[in-house]
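Peer 1: Read top to bottom, the protein sequences are chains G and R. The numbering of the first sequence is our numbering, which starts it at 1 and goes up by one. The numbering of the second sequence is our numbering, which starts it at 1 and goes up by one.
Everything labelled a hint here was simulated from the structure, so no lab data went into it. Just so it is clear, the structure is predicted and the values come from calculations on it, not from any experiment. Note that CB positions come from ideal geometry on N, CA and C, so glycine has one too. There could be a bad hint or two in this list.
Listed below are several chain G residues computed to face chain R (Cβ distance under 7 Å; list not exhaustive) [said to hold, decoys possible]: (1) 7; (2) 10; (3) 12; (4) 44; (5) 45; (6) 46; (7) 47.
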Amino acid sequence: MHQKPEHLLVGAVQLLDMVVGGRVMLSAAELGFALAAAAGFAQLFSP
Amino acid sequence: MSFQGTLGPFVKGSSTRIALRVSAVFAAAFTAGAIAVFGIASIAGAALHVDELSLQWRLGTAAAGLAVFAFVDLVAIRKRSYCPLSWRRQTPQSLRFRNGVTTTVAMWGFDTGLAVTTFRVVALTWAALLLTFLGLASWQVGFAYALAFVIPVIAILNGQPSTSRSSESLAALLRKRVVLQCISIMALLTTGTLLLAHLAK
């Protein structure tokens, strides 16, 4: 699967729209887990 | 990807038993490092009684911190570099010439799992550590950090053919870095917005 950056941007904007619209409500603890998982995955691309 | 250069030689062409041992030792060591660093952040917050501060204050501080980390990622993009908030080192690959397989893999896994002792691609790690320090997330987020790194690493190392793709070009890696930094900025700003939404409740 190949995702172009603009597709990711559209997805991010849609997510932001859901957040601002109050349709997504995660606890701070859940957000911590999500951030940590994203951080771990990003490290796959370390030099 | 650096892990391919470090772990790859131990796995490629090895017997299934050795490949499994390398994978298991690496996964355990990396997870131990991740739990240690998030545990230290949690203990430091508790020792400083940060968790006794009001929830509103901590949510506001976290949201502000995430905005700063998003700016740090933006600076990294403009400088065409990795996250400037990091110790610019990797675990030396020369370890494998001085130690046995198990020791080398364990040292590399633990050092990498510690997160703050090696290159950061994006500032997300600092954001997760900040939430842990503020008592908004628990030390157990270290498991999420570890699983998100360890599972793909083991899948890639054990799934690839022995002839393969270890020499990914630097240019391709740098292009991924920019995409990741853009995603990181979005994730940090979105998370900050979500935290502020809690304040508004």
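Peer 1: Compare the structure with each hint and give your call.
Peer 2: Cross-check of the supplied hints:
1. For residue 7 of chain G, the suggested interface contact is broken, since its CB lies about 11 Å from the closest CB of chain R, more than 7 Å.
2. Taken as an interface hint, residue 10 of chain G does not check out: its beta carbon lies about 11 Å from the nearest beta carbon of chain R, beyond 7 Å.
3. Here the hint on residue 12 of chain G is kept, as its CB sits about 4 Å from the closest CB of chain R, short of 7 Å.
4. For residue 44 of chain G, the interface hint holds, the least distance from its beta-carbon to any beta-carbon of chain R being 6 Å, beneath 7 Å.
5. The interface hint given for residue 45 of chain G holds, since its Cβ lies 5 Å from the closest Cβ of chain R, which is under the 7 Å cut-off.
6. Here the hint on residue 46 of chain G is kept, as its CB sits about 5 Å from the closest CB of chain R, short of 7 Å.
7. Hint on residue 47 of chain G holds. Least Cβ distance to chain R is approximately 6 Å, under the 7 Å limit.
When each numbered hint is compared with the structure, violations occur for hints 1 and 2.
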